[in-house]
Amino acid sequence: MKAARYLACVVVLIVCGLSLAANWLAPAGYAKQFREVPDSPPSRAHLLGTDELGRDRFARTLYGTRISLLLAPAAALVSTALAALIGGIAGYLGGIWLKLARAFTDLFLSLPWLFLLITVRALLPLNVSPLVSVLITFLILGLLGWAASARVLSTSADALRSSDFVLQARASGLDGPRLFLIHVLPNLKPILYAQFWISIPVFILSEANLGILGLGVAEPLPSWGSLLRELEGLISFREEPWRLVPLLLLIVVMTSFQLLLSNEEVTA
Amino acid sequence: MLLRKIAGHVASIAALVLLGGLLSATLVRLAPGFDSDERELDPSLSAESLRAIRAEHAAQNNILRFYAHYLRGAVHGDLGTSQALRQPVGNLLRERWPVTLRVAGIGLLLGWLLASTLAFAACLWQRPAGNILGTALSGAFLCIPAAVLALASVIFNSPGYLAIALIVFPKIYRYSRNLLAKAYAMPHITAARARGLGELRILARHALPVAGPQMIALAGVTISIALGAAIPVESLCGLPGIGQLAWQAALSRDLPLLVNLTVLVTLVTLLANSGADVMNYVLRPPEA
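Chains A and B supply the protein sequences, listed in that same order. Just so we're aligned: 214 in this note's numbering is position 201 of the first sequence, and the numbers increase by one with no gaps anywhere. Just so we're aligned: 1537 in this note's numbering is position 220 of the second sequence, and the numbers increase by one with no gaps anywhere.
Take the hints with a grain of salt, since some may be wrong.
[Stated by the list, open to error] Computed list of lysine-lysine pairs in BS3-like fashion (alpha-carbon distance at most 25 Å, straight line):
#, chain 1, residue 1, chain 2, residue 2
1, A, Lys45, A, Lys202
2, B, Lys1499, B, Lys1488
3, A, Lys112, B, Lys1322
4, A, Lys15, B, Lys1322
I should point out that these hints are in silico values taken from the structure, not numbers from a laboratory.
Chain A extracted, bound-state conformation (with noise of 0.2 Å):
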């Protein structure tokens, strides 16, 4: 199992790594069109052969795994910070604030999340330009998605405050956000990590969706939801077999993501 995980964690870096360097390893730029070849197969040029707007479908695999990898951490960022707030302060304080947060958590929770994400989504602009379209596809899935995680700190920072160092803390004066920041917080640190980690294959997954109902980014900009979306069209998967890399690939990651993970962390 050890040596899984770090199988799946060189496959993650490599394939980050990838990403990274599609300036200098993709042939063009995701929105380059060679029209004198749209629609074609794979050939040296053009490695995974190019979309019906003539655009290498190389270059935009490349590009649109940097942005799913690099932007649903930085949701799952958002989320994981709103949950320490909602729930960790909500549990800390206790009474009459964490009945509230539990109310407010639950309401979320019982909402379906493609439901909530795609009622969400269409509550703002659908025509924006597409970086905005990108940053709202992740600020969405980053305020949406603390619920869950709000829940779990919630239960761990009411745990923590009626324990011994806290109560001795608080006999020795120490009270209010101090007491927070300086020995609840730390404490929950472990949870954070975990729900941070959690999150992350969530939110690829939930962009993946709304980019193929056609609520995530915007064209040009590639994403694995855009791209997967070009499989809409495809008859058979025999057809054309290279269109499918894009799928592949997010296959791989989430399974790394998975192994990644323990198996408690993945059930939570």
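Given the structure of chain A, go ahead and fit chain B onto it with the hints provided.
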């Protein structure tokens, strides 16, 4: 005691739905473009008609008044009109709901059947191969976006409920497998095995009663997952259900329809979770 529990759940559902509705209404009111109306661009409209349209919007400026107006209508069965489809939302929900109920229902049943069969087999068989097969299969489906499974369903010409079954399967398998593994690690099961009880009997008499309550709770949660999975499956497989309606509403920014759908789905999810909780209470009432 049971009635008090049910009353508590009903009160909490009502409060959460009202709060959710208010939150949705606030978001709709604050959404960019809420104040503008495409009808204002129509050159054939007279100045008086334009004034009436603006007055209609001005009346909705106050969020609380806007929400109260919506609630008054909802109590009388009027959920408003879809902006994109120009049809009463109530009619649309009545037309589409049976499709989702059938697709998500069959998908959920198949998913549970596959997941529980594999989880039970892994526990009964007691060989690593059973566990590896289930874990690999569930792991593979966990890595694939729901929308890709829906696309695969279109490519292979398979029914939409199969995609939903494969979307819910990994979550059910992993959770129920873990619950059963925890139950099997308990000392009374080791004692039962030492006494020579058959594996099937141990599962039915000793492991399931321990894992059962949480598996019932899981059943409530999976309804929410299946409803969420209905969005990509119905949209990409061309099934005219609630999921497809939500997708169309999102693409056309039909906010009144989307808010109603969200409130409806929240209500169904809360009812499912509360139903699971009440069922657990009925099956295993707390000792006095």
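Outcome of the hint check:
Using a Cα cut-off of 25 Å, the hinted pair A:Lys45 and A:Lys202 is violated, with the two alpha carbons roughly 44 Å apart. Among the hinted pairs, B:Lys1499 with B:Lys1488 is consistent with the structure: their alpha-carbon atoms are about 17 Å apart, no more than 25 Å. As the CA atoms of A:Lys112 and B:Lys1322 are separated by approximately 18 Å, the hinted pair is consistent with the 25 Å bound. Taken as a hint, the A:Lys15 and B:Lys1322 pair is broken in the structure, with Cα atoms around 47 Å apart against an allowance of 25 Å.
The structure is inconsistent with the numbered hints 1 and 4, although it conforms to all the rest.
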